[in-house]
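Taken in order, these protein sequences are the chains called A and B. Residues in the first sequence are numbered consecutively from 301, following the numbering used here. Residues in the second sequence are numbered consecutively from 301, following the numbering used here.
Think of the hints as simulated: they come from the structure by calculation, not from any bench. Each hint should be verified, as a subset may be incorrect.
In silico lysine-lysine, DSS-like type, Cα no more than 30 Å apart, as pairs [claimed, not checked]:
1) Lys593(A) with Lys631(A)
2) Lys357(A) with Lys671(B)
3) Lys594(A) with Lys614(B)
4) Lys357(A) with Lys357(B)
5) Lys552(B) with Lys614(B)
Number of protein chains: 2
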Amino acid sequence: MRRVAAERAKRLLIRSFLAPQSSAAVSSPFSFLSSYSAAAMSTASTPVVSLDSINPKVLKCEYAVRGEIVNHAQLLQEDLKAKPGHHPFDEILYCNIGNPQSLGQQPVTFFREVLALCDHPSILDRDETHGLFSADAIARAWDILDVIPGRATGAYSHSQGIKGLREAIAAGIASRDGYPCNADDIFLTDGASPAVHMMMQLLIRSEKDGILCPIPQYPLYSASIALHGGSLVPYYLDEASGWGLEISELKKQLEDARSKGITVRSLVVINPGNPTGQVLSEENQRQIIEFCKKESLVLLADEVYQDNIYVGDKKFNSLKKIARSMGLGDKDISLVSFQSVSKGYYGECGKRGGYMEVTGFSADVREQIYKVASVNLCSNISGQILASLVMNPPKPGDESYDSFTAERDGILLSLARRAKALEDAFNSLEGVICNKAEGAMYLFPRIHLPKKAIEAAKAANSVPDTFYARRLLDATGIVVVPGSGFGQVPGTWHIRFTILPQEEKIPAIISRFKAFHESFMEEFRN
Amino acid sequence: MRRVAAERAKRLLIRSFLAPQSSAAVSSPFSFLSSYSAAAMSTASTPVVSLDSINPKVLKCEYAVRGEIVNHAQLLQEDLKAKPGHHPFDEILYCNIGNPQSLGQQPVTFFREVLALCDHPSILDRDETHGLFSADAIARAWDILDVIPGRATGAYSHSQGIKGLREAIAAGIASRDGYPCNADDIFLTDGASPAVHMMMQLLIRSEKDGILCPIPQYPLYSASIALHGGSLVPYYLDEASGWGLEISELKKQLEDARSKGITVRSLVVINPGNPTGQVLSEENQRQIIEFCKKESLVLLADEVYQDNIYVGDKKFNSLKKIARSMGLGDKDISLVSFQSVSKGYYGECGKRGGYMEVTGFSADVREQIYKVASVNLCSNISGQILASLVMNPPKPGDESYDSFTAERDGILLSLARRAKALEDAFNSLEGVICNKAEGAMYLFPRIHLPKKAIEAAKAANSVPDTFYARRLLDATGIVVVPGSGFGQVPGTWHIRFTILPQEEKIPAIISRFKAFHESFMEEFRN
């Protein structure tokens, strides 16, 4: 049956994708470098726009997660296809990005059932549907259709997202935190990134406006601040104390920025940490909230890894929950929490769903946020539906509850084992120190590079950790992001390594990495 | 069967959406004003951010399609629910926005079948699936899965979109135009709006950079130019010649802008026109291309209504096709074409799919465009899939071909009839002149308001066409956008009226509108 369909597919593929210039339709998801060779040929010169006539903010913006190392990996992947066996590895392992399903993680069945039914509601009444879909998925699809005006899943929604879905998300937040949540505070977005851009666009007036960001940070923040022409005010996380966030450091950097004439508008906190994986303690969160209140800073809380906790002694607490537990309400602190369907155990990166919960802003400023949202009309409805599902998964008694919890726990327990195995492996290596991944999807080991390696990097006109990552890629096919892409204490070198490769691959990855690292240290031993 | 499911749905709705503050989960898609009352109460004052401390570009940005009149309509809709029979109408008719499915247009079955199967591929092998889905939808779903690396529909894709889907789109463009299209020129986006923002962000460095935009224009352009801090350089379409685009007017406005020290970077052309509905002639398109080439302007071609043509003597020609037919290639002209899944006969606004075809840019500038795209990772995969489908619909011989063409032609022929009926109705009214809607989804009638009405508007501190639209809304429940939201020749007044209400409702809408207009003219007769 499958084979028949596959053969038909091949035939139709050829027919339906046939085009004058079209080469094989099957292709890698990262073939843009090969694209450029073609592009370069076809557009040798253009009189109208050149690098020195585009917006300099665009030139300044950098995003290392898809930067130099990844571009080289894409070339290698093309090369592997063209000349199999030509490299010391037979596949490229993308450990550079938190993209679980690209590394084999399967989607949660219940979520996909509901999405499929909402995409094609006319099958909801058919008998065959009950043979294909769980009863609670069918019921949930009806729930969702009932809150979509006219059941029009193909219509633009309210620019904050469908009210009934925001009610569901607010209900999920309220039960998570134990404090009320207002559906009118929810702005649904195409993943968390556009929400971050919206807040940067609102807050940044010029390079004199500063945003306090952790170092190391997820480069979306540095990229967005650059695109909006603001100043990134760094505060360093303390690697020695497990990437601790010290209030004294926040104060020092805030005063330093102010002494330079920077108006600091906001503090970005990433919890659980990316790339650092630490989970903030409640006491630390209270200090952060007090600091923002005292210094009149908007607290931007990146909480997209809220479902990714791997250690028994830590749990996720939203900053809003902690603020409310301190008796602080809307009048006391301006707080924006970002959540995404791309992370957690769901890992639905391709669906581009997410939201921001906006609290502590005046009605007139909220109207400005709404206005900017309305210019883009609305976020995609499937992403809106999925956001309502991840905040309201199956409950005890629902038909899917047992299979859902098995899928969820299977993913999270495996991620915890992978994190531990990789952490232990890194710590077993000469000159490598790796903090525990308490949460999120990454390890950020520090690598004490030999003086000779640093000199070799300089000679190769490369940053030392980029030099290391490039050598790692060429030797093993493993793609990581150099620490310099996230920021680090000057003179220290790191790499970000996702814990996402499938568990059965971890031992081979560890031994490949180990062998590379040992020979690298041997080659550059002082 | 349906009833059973619906009753179960109600129960689950109450359980799964229950929240401390949650009111009724079923709600209008435009309830944001009622939100704000709540918001205003909960955030009476906030010390951190105020209107005078946010980015002034955000304050300056306006988007009339969801502006003052729509906000008032949302209030009325709440009021209708609370006090039925309290108004001279029993429903709000949203004729302000091109949102077909919100007014009852049904999605195209084949497209939804494929989307559902790609959302839940594990049913592709099941026997029941063949009873529920057409054979070519199943085959197309396999085609698509085969071009997605690892069949991971939940993974981030290449930041330009999945290569195999771009190949399919390029094939569709090539067969539409009869000229080759390179998949590497396609950037898939969440609808056309983010693509427009990306180009504005690339081109605008300061208020000294200008973008030539038609007046009247779709306010996304004025909003995006404001958000990016550039200058909108207006050129007026000639209403007397059916909203003709005169090259002499382009020249005049370009020279005028340059004399003021503005560097004009780009020309925006909307074809078919929004809000004007005109379809450009090939001769006119050749003149436009020559003008951009001569003046070194990037040609931004808004071609999202390419499938919405209602008159036999006009057909859609892409500006790229015309440029290629003139022998002009990548080296001769920088041209960006925008397309969306929200318009056409598909009208899938909620899916947020679209693309831009970027030609005539150097490789290094394209890399900058790619970099900005990569910061947001990728557009939503369902939207990417849908974009590949609308550019490659079922073909003769496919099982769905006949039903697909019946659905498509049914929608387009009905839209043509609605456009003609509304045009005739407007032209039958005192003081109203309405050009034909050759394409797109709107009529833009000119209304010669009596002097007394203009004085009454001024007295009410309102713009005359906004005053008219507000009176229309209060009397009939019909929501339109005042011409002042799109721009118009000073002293002329218009409204934008979508042709999208279902055909059986058109006669009632016409008589309600007619009655209102006659009494309005009577009331304010000079």
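For a C-alpha distance cap of 30 Å, please report whether Lys594(A) and Lys614(B) respect it. Roughly 65 Å between the alpha carbons, so the hint for Lys594(A) and Lys614(B) is violated.
Need the status of pair Lys357(A), Lys671(B): alpha-carbon distance at most 30 Å? holds (12 Å)
Going straight from one Cα to the other, do Lys357(A) and Lys357(B) come out at no more than 30 Å? holds (16 Å)
Holds or violated: Lys552(B) to Lys614(B), with C-alpha atoms at most 30 Å apart: Roughly 28 Å between the alpha carbons, so the hint for Lys552(B) and Lys614(B) holds.
Are the Cα atoms of Lys593(A) and Lys631(A) separated by 30 Å or less? holds (10 Å)
Of the numbered hints stated above, the single one contradicted by the structure is hint 3.
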